[in-house]
Each structure stands twice: as structure tokens, then as C-alpha cells.
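Participant: Residue numbers (the numbering used here), protein chains in the order written: chain A, 1 to 307; chain B, 1 to 339.
To be clear, the hints were calculated from the coordinates, so they are not data collected in a lab. Some hints here could point you the wrong way.
[Stated by the list, open to error] Partner residues aside, some chain A positions facing chain B, computed with beta carbon under 10 Å:
1) 30
2) 202
3) 206
4) 207
5) 212
6) 223
[Claimed, not checked] Straight-line distance between alpha carbons at most 20 Å, and here's what the computed EDC-like set of lysine to aspartate or glutamate pairs gives:
7) 11(B) - 76(B)
8) 209(A) - 198(A)
9) 39(A) - 294(A)
10) 209(A) - 92(B)
11) 175(B) - 35(B)
12) 175(B) - 75(B)
13) 209(A) - 112(B)
14) 11(B) - 42(B)
15) 209(A) - 123(B)
Glycine included, each C-beta is placed from N, C-alpha and C at the ideal position.
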Amino acid sequence: MTDVATNPPQTAAAPAPAASGPAVEAVSPLRESLGIFLKNRPALVGTAILAIILLALLYGTFFVTADPYEIVWAPMTPPFEEPDYALLGTDYLGRDILAGLLTGGWPTLAVGAAAALLTVGIGILVGALSGFFGGWVDDLLMRVTEFFQVLPALLFAMVLVTLFSPSLATIAIAIGVVSWPQTARLTRAEFLRIRELEYVAAARSIGAKNSRIIFRVVLPNALPPLIVSATLTVGVAILFEAGLSFLGLGDPNTMSWGLMIGQNRGYLLEAWWPVTLPGLAIFLTVFAISLIGDGLNDAFNPKLRSR
Amino acid sequence: MDPLLSVRDLKVEFDTRHGRVTALAGISLDVMPGETLGIVGESGCGKSITALAMMGLIPNPPGHLTDGQIVFEGEDITRASPRRMRQLRGRDISMIFQEPMTSLNPVFTAGDQIAEAIMLHQDVSKKEAWEEAVELLRVVGIPEPRRRAASYPHEMSGGMRQRVMIAMAISCRPKVLIADEPTTALDVTVQAQIFDLMRDIQEKFGVAIVMITHDMGAIAEMADRVAVMYAGRVIEQGRADDILDDPRHPYTSGLIGCIPALGREAASAERLPPLAEIPGVVPPLHLLGAGCAFADRCPLVHDRCRRERPPLAPHGMAAQEFLGGHAVACHAAEREIAA
Numbered sequence: 001m002t003d004v005a006t007n008p009p010q011t012a013a014a015p016a017p018a019a020s021g022p023a024v025e026a027v028s029p030l031r032e033s034l035g036i037f038l039k040n041r042p043a044l045v046g047t048a049i050l051a052i053i054l055l056a057l058l059y060g061t062f063f064v065t066a067d068p069y070e071i072v073w074a075p076m077t078p079p080f081e082e083p084d085y086a087l088l089g090t091d092y093l094g095r096d097i098l099a100g101l102l103t104g105g106w107p108t109l110a111v112g113a114a115a116a117l118l119t120v121g122i123g124i125l126v127g128a129l130s131g132f133f134g135g136w137v138d139d140l141l142m143r144v145t146e147f148f149q150v151l152p153a154l155l156f157a158m159v160l161v162t163l164f165s166p167s168l169a170t171i172a173i174a175i176g177v178v179s180w181p182q183t184a185r186l187t188r189a190e191f192l193r194i195r196e197l198e199y200v201a202a203a204r205s206i207g208a209k210n211s212r213i214i215f216r217v218v219l220p221n222a223l224p225p226l227i228v229s230a231t232l233t234v235g236v237a238i239l240f241e242a243g244l245s246f247l248g249l250g251d252p253n254t255m256s257w258g259l260m261i262g263q264n265r266g267y268l269l270e271a272w273w274p275v276t277l278p279g280l281a282i283f284l285t286v287f288a289i290s291l292i293g294d295g296l297n298d299a300f301n302p303k304l305r306s307r
Numbered sequence: 001m002d003p004l005l006s007v008r009d010l011k012v013e014f015d016t017r018h019g020r021v022t023a024l025a026g027i028s029l030d031v032m033p034g035e036t037l038g039i040v041g042e043s044g045c046g047k048s049i050t051a052l053a054m055m056g057l058i059p060n061p062p063g064h065l066t067d068g069q070i071v072f073e074g075e076d077i078t079r080a081s082p083r084r085m086r087q088l089r090g091r092d093i094s095m096i097f098q099e100p101m102t103s104l105n106p107v108f109t110a111g112d113q114i115a116e117a118i119m120l121h122q123d124v125s126k127k128e129a130w131e132e133a134v135e136l137l138r139v140v141g142i143p144e145p146r147r148r149a150a151s152y153p154h155e156m157s158g159g160m161r162q163r164v165m166i167a168m169a170i171s172c173r174p175k176v177l178i179a180d181e182p183t184t185a186l187d188v189t190v191q192a193q194i195f196d197l198m199r200d201i202q203e204k205f206g207v208a209i210v211m212i213t214h215d216m217g218a219i220a221e222m223a224d225r226v227a228v229m230y231a232g233r234v235i236e237q238g239r240a241d242d243i244l245d246d247p248r249h250p251y252t253s254g255l256i257g258c259i260p261a262l263g264r265e266a267a268s269a270e271r272l273p274p275l276a277e278i279p280g281v282v283p284p285l286h287l288l289g290a291g292c293a294f295a296d297r298c299p300l301v302h303d304r305c306r307r308e309r310p311p312l313a314p315h316g317m318a319a320q321e322f323l324g325g326h327a328v329a330c331h332a333a334e335r336e337i338a339a
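Whenever a hint applies, use it, and build me the whole structure from the sequences.
Facilitator: Below, the structure written as C-alpha cells:
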């Protein structure tokens, strides 16, 4: 349980170590999970990839000073042909792909994160109320959830985006609105399980009210699978944004990976790189996030790990 | 002396797939200040429902409190608002549970949970509550309370967790402590320690204890008075000594027969009596007929038992002494007296 490597060897049954250093360090379940996560190689690889991507996005524009909207060289210049002007080549208008990748990463990640937050926020709220109160509240909320579940997500998101004009915010909201039912169901299942446990009855027996029991007692114990799901949702949301942009429903005024793919897809046969490179960036990001999500899953369910 | 908590003709029904069944069919109990009342019976007899009713925690749906009163210090708490009930819970009436392994929240430290219970009812700072939590851990006999307050439940043994649970339950000096099978999940040695602790706390704080159990041995150890329950009714009630020495209901005799003989009585194997059992099981509540619910398992059953349910009647003394006296709901016991 405790980290063996950092613990000093136990002084064999020292008589009453009254105030001398803590022999048993209190380890919170979350910290314990973090320890397991840090020993998980794929998860560390994922973290490393994501860290590199974030660092590149943070500092890359200091080195690549080109404006991603500006024409810098002849259209569809292949990568490495003009390393001084466009290292990774240019798109169908002659804009620098590397600059696009470095500036377009933020909107992509931001939309992914915002959509995931929204998804998890709505999902937890609906699922928590539904699972905790049961009865007609559950019936009502689950019917609403099912309504959203049977809608084809991509089509519905397309409708929303076209209705409210594509911008980063509307895209994030559209993704959030179509993807929360899964989180809601997961949260509900966890709440249904946990609300029957004795520590919930114990919390009631000391006079805690429902809001307190939901947020302080049940939710913290329901978090592990929700954290995993939230992490994976970031990946899904990034893919979703790319998908919408590919269909031409991205925000045309903000450079993003999805937009690059969408604008260049008509020239895919003449030039593969303006589509492939942002695609690769999306792939790596989502891949890294998936590895992290799986690592978190293993960390929270150590029993499932040794399969 | 007036009872501190008094249950009158309490009736609780549950909606099940067999329709509405009666879990408690009008039970009456009194808890006197500072005493220990034992409620004993098999699984499904209604003892835990009685405890939940006293806390105002009958799950609804599917449960319904359809009749009767629970009077705490002159106030009928079956009519109290949810807000008032939350105030009473933990502050005046608190509860400890059967499974110390699962009755503490795994993601917070012992100290956090006790401090939270304190802050729910008292206007104190987080720091004061924490200090009080450490003090309570010391009171319930946890070594190195300051360090243990920062421990998580999974770092403690079952006995230690039950002590934490008790510390939490007494954090606001309640007047009634309901203990629902507090030692069932613990080792026998730990069981004895927890009983000692409960007696200790009763003496120190003058709290009345309602102990719910299926174990007559625990009753013998702890209770001043006993109510024996069967199929949603109190079938025998009286002082623990009277009931243990002179059980009147065949079911109570059966339960007492189930206490394994230990020590000198069991010393020589050939004199060891076979461990008694009560044949059969508690009948499903939806199949209860008009007669005595115990009739099918009773060694003394006769025709009248199947026709007519025996009332809980004072036994061997005048009715006005009922509370302190010994009451039993059995035709056979009555007949025996008459003879």
C-alpha cells in the first residue's frame, strides 16, 4: 500500500513511538491511484506525448513566426522543399502548414476541453439527480436522456451548428449537448450503487441533507469512473470538432486542425500533406488522451489491471 | 420517570411486488433515559425497520408509516418536518451501523468525517471541530488519536472503524444512540471491547442505547430491558433478567436455547447439550394469516393459535405495572398461568 521505496526500514517494534515520525503515512485513495498511474508505462507515454504537444503549442510560435492566414510561398509546396519559408509545406492557398498546426492546436484543444467539461457537467447533474432521487425524477430525466441518445449525434450537432452559426463556442456547446447522455447514464449507475451503501445511511443518520450527501458523500466516491470517462470525452470531442470542420461546419475565422483538414480536403489527391499533417496531430493528441484515460482507469481499478 | 423516546402503535407498510405488506404491525416500545433497550429477533422481524423509523429514515417509497406515533421528548417526530428531523438526527438521536467496513466514507479521513458531523450541528470552526474529533477518538479508545484522525478508513481495522463510527455518533452528545447490530461483523474479542466501550459511553454521557440484535448473548451482556420481535410485532417485553431467566414465549425460549453454552457448562463433551435451533423460518410477511405468526414453528401450538392472534398482555402482574413488567403475546403462556 505505502510506497516501499521511500519508506525507511521499520525499526522492529520500537516501544511506543509517541511523537516520533509517522510510521503509517495516511494515503488518500486518490494519491494511491496516482502512484499506480505513475508506474503505468503506456499512461506515461501518453502523458509525455500530450506534454510535448502542449509545449510545442506554447513555445512553437516563438520559432515559427509566420501568420497562419498569410500566403508565404507557392500553393501546395511539399514538406521540406522550402525549409526556410515553409518547413512542412503549404496548403492550397500557399499558407504555412507548420504555422497552422501550431496556432490551430489551441482552438482544437479548447473546443475539446470545453465540450468535455460541458458533457461531464450536464451528465453528472442529470445522472446524479436521477440516480439519487429515483422515482419520478429518474423517470423524467431518463426519458429526456433517451431522447438525446436516439438522436444521431453528428447530424444533431450539424443542425445546431448551422442554426447558431459556427463559432468555437457553438461547436463546443453542440458537442456537449449531444454527448452528455453517456456520462449521465454512467453517473446514474454509480449513484444507484453508492446510495445503497451504508456510509450514505450513516451520513443521513448524522443529519446531513440531500445536497450534502450528493456532493460530499456520493459524488466523490463516484468520481473515478467519471474522471476516466471525462478524459476520454476530451478525445472524442476533439474528433467531433474535426469531423464538423471536415464537413465544412467549423468556425471559418479561427484556424484549427479540423478547419485545415476541411479546407484542404478537396485537394487531397494533389497534395496529401495539408490534410495528413493536421490529421496526424489530431491522431497523436487523441491517442495520448486515450492512453492517459486507460491509465487512469487502471489506476482507479487496480484489480482489473492484472488481466 | 417519563420515557425519553416512546413508540406507540407504530405501523409501517411496504409496497412490494406481492402488494402492500405490513412490516411493523403496531408496535409499542419505551426507551427510558440512560437505559439500554434490547430489540431482538431474526432477520425480517422488523427490528431494523423499527430503528430506521426512530431515525425518521424509513425509505419512502416503498415504505409508508401508516399509523402510530414516535414521541421524543414530548414531540411526535413522525409529524416533524424534514428540516426538524435533520436537526434531531445526529444531535439528539444518532445511530451506529452493522458493517463498520462500509459505514465510513472511504474518501475522507476519520477526523474529517467526525468533524463534519460536529459542524452539521454546532457553530464551530473547522479547526475546533477537528480538535473535538481528536478528543472523541481518544474517548472511544483509539491509540494516537491525533495521527489516527488523519487516517483513511481503509487503513483501520474493523474494530477501530466501529470506534470511529461510535465517536461520530456521540459527537453531539445525543440522548438516544441506536445501535443496529453493532458487533455482528466483528471478531468475538473485538465484540467484547465494543460492548465495554458502549457501556463506558453510556455511563459517561448518560445516553440511552437501543440495541438491535439477533443475538441473545449480546442482550444478556448489554440490555436492561428487552423487546422480542417476531414478524413485525413485539411478542415479549420485559426486564432483561426476567426474560432471560423466565422466558414466557416459546419463541423467546427458542432464541435463548440458541446461545451456545460456553465455559464450565461446556467443559465435558458428553454433557454438552446439542445446540438448539428453532425449526422453520419467519413466514413471508404477505402470507401472514389471522392467527399467531409463530404458530407454524411453535412446539406448543394449539387450535386457538391459528384462529386468533394473541395480544401482548401483561404477565404475572397488574396492568399498570406493564412498563416495568413482563408482557407476552402467547395463548400458551396465558393458559399456563391460568392452570
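Participant: Could you check the structure against the hints above and give me the numbers of any it violates, in ascending order?
Facilitator: none
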